[in-house]
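Engineer: Please model the complete structure; the sequences and the hints are all you need to start from.
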Amino acid sequence: MRIKQVIWLAFTFMVLVCFAFIYLMPFLRSAVAAFMTWEQASKYPPEWIPDPFTLENFEKLFRLKFFPRWILNSAVYAGIIVAGNVIFTSMAGYAFARLRFPARDALFSALQALMMIPGFVTLVPNYIIIYKLGLVDNIIGLAILGIVNVSSIFLMRQYFLSLPEDIFEAARLDGCGPIKTFFYIALPLAKPAVGAVAVYQFLGAWNAFLGPLVFLRSPENFTLPVGLSFAFQRTMWVEYTPIIAGSLIASLPTIVLFVTLNKYLIRGIVVTGGKS
Amino acid sequence: MSNIFSNFFRKASRRETLEAVALISIAVAFNMTFGYFSAFFAVYLSFFEWDYIGPMKFVGLKNYELMVKDLLEGAMGASYLITPFFTGLKNILLYTAIVVPVQTFLAIVLAVLANQKIKGIQFFKVSYFLPATTCPVIVSLIFVWLFMKKGFINYALSFVTPGFQPDWLNDKNYVLMAMALVAIWGTSGHFFVSFLAALQAIPKEVYEAAMLDGAGPIRRFLYITIPLLRPMVTYAVVMGLIGALQMFDLAWVMAGSGGGPGGSGYTIAMDIYNEAFTKLRPGVAAAKSMFLFAIIFTTTYIYQKKYGGVIR
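Chains as they are written, first to last, in the numbering used here: chain U, 1 to 276; chain X, 1001 to 1312.
By construction, these hints were calculated from the structure, which means they are not laboratory data. Some clues are possibly wrong.
Straight line, CA to CA, 20 Å or less: simulated SDA-like cross-link-like pairs of lysine to any residue [what the hints assert, rightly or not]:
hint, chain 1, residue 1, chain 2, residue 2
1, U, Lys132, X, Phe1277
2, X, Lys1119, U, Gln5
3, X, Lys1057, X, Phe1040
4, X, Lys1117, U, Ile3
Source: prediction; values computed, not measured.
Structural biologist: Structural data, given as structure tokens:
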């Protein structure tokens, strides 16, 4: 019995390690290949140690006229989205969770129902609205579409509901109005939820593709994913290594963010996913 | 006395309503505009012919007719070039039928394996989840390289299945398979983490009682683990369906905006994009997006009705 158990555990461990290898392999491969010449990176069977070690892929990438601009655009876009969501959804989430006003629950259900509508349904009308506003090919035009995300409102509301009622009762009895209570009591208590919304929205905005592809038209306004996918299609590189290097740069912020915050992020995903 | 109180409360509640409206106004206004207004506008648009500039022309059901004709001709075996919508539908259904069961099953198996006294569980969680936090387009760009004829994946396969060396992205029989593999790689880790949390929430006593009754590990898995995991399975399948049926990014990069060899990597989402932004027929695009909405809605509805329970 004992031996059987040990063998079973060893087997399980082996399987898990194998899968960890599979999940990490593309990252490992691109991390080494970014420093190889294309000649070496395309060798069969594959090689693992860059020889000669070279930075020319990164040099080629930054020789692309707009590559630094794309990084900047991605950062600006993600920044606006994060700021907008943190400000507006914490306010709305608090009001939906803690204040009493007519049609509150109906309004909230209406917002929640929006989560069922696929993005492709609203894509064309949204394009027309943004077009009429004269904001096509402008990061602002793209950003206002995602500035108050329903799932962020949901997460914020859920968090404010979990706070004990006594705090808010006490504030009310002391004559503190709803907005004042929000700024002085609710918001300082909501740091975990604000952090979660900020991180999820950052990941979403940094990784977004369809929106930027539709709403940004000229190369100097592209975000990183759109820019890289265009660089890949347009010029038909003889060498693929600069693209790999670019992918590495583009995914570095999300990787660093995730690895440093993994405990909180995974817990948050579990909470929002299954139980809430 | 009571009069004063009710007056006080009425004032307080009026103030509360006013301030609440101030707090929610922006969130509600934006979502009403870009959510509800746009959704209804999409319905309206699907009955019109338009090119974004000139006047809108009411055409009744013509856009839908176009779509149905495309589907019927495709079903009769017309070339993919004249029936893009049918091609996209066929591909996306096949792709979904591969991706959703495989990624859900894989996530459950890995979660069950990881739900034991094993060291380094956080390492496994992080490494399995990492693909899910990485941009799908970036992932696809990397996989284009890994899927090359003389690429890393064929090298790895040469140990497992010698002689099986497809030119993944240039062979029309394998493009969709390649995209499905990338999608499974990219999303299964997310569900793995969800399943693991659900498993850890199952009380140990249930298993101990079953063990006392003489139930072996396989029976315990089939009759305890699976039924108790059902709400999470429903969640994973529904989220998987919603994601897979709208797949766009992977196909855009791996098969190219034209849909790859023989249109074998073309999807409905790409067809909607092309109708709206390359053929400049927003009416047709809107009609097709209604169809996409209908498929997503019915599949998730049927699944929940049949196997689901409620998702909270």
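Engineer: Holds or violated: are the alpha carbons of Lys1057 of chain X and Phe1040 of chain X at most 20 Å from each other?
Structural biologist: Between Lys1057 of chain X and Phe1040 of chain X the Cα gap is close to 17 Å, so the pair holds against 20 Å.
Engineer: Sort out whether Ile3 of chain U lies within 20 Å of Lys1117 of chain X, counting only the CA atoms.
Structural biologist: holds (15 Å)
Engineer: Is the straight-line distance between the alpha-carbon of Lys132 of chain U and that of Phe1277 of chain X 20 Å or less?
Structural biologist: holds (16 Å)
Engineer: Does Lys1119 of chain X pair with Gln5 of chain U here, judged by a C-alpha cut-off of 20 Å?
Structural biologist: holds (15 Å)
Consistency with the previously given hints is maintained throughout, with no hint failing.
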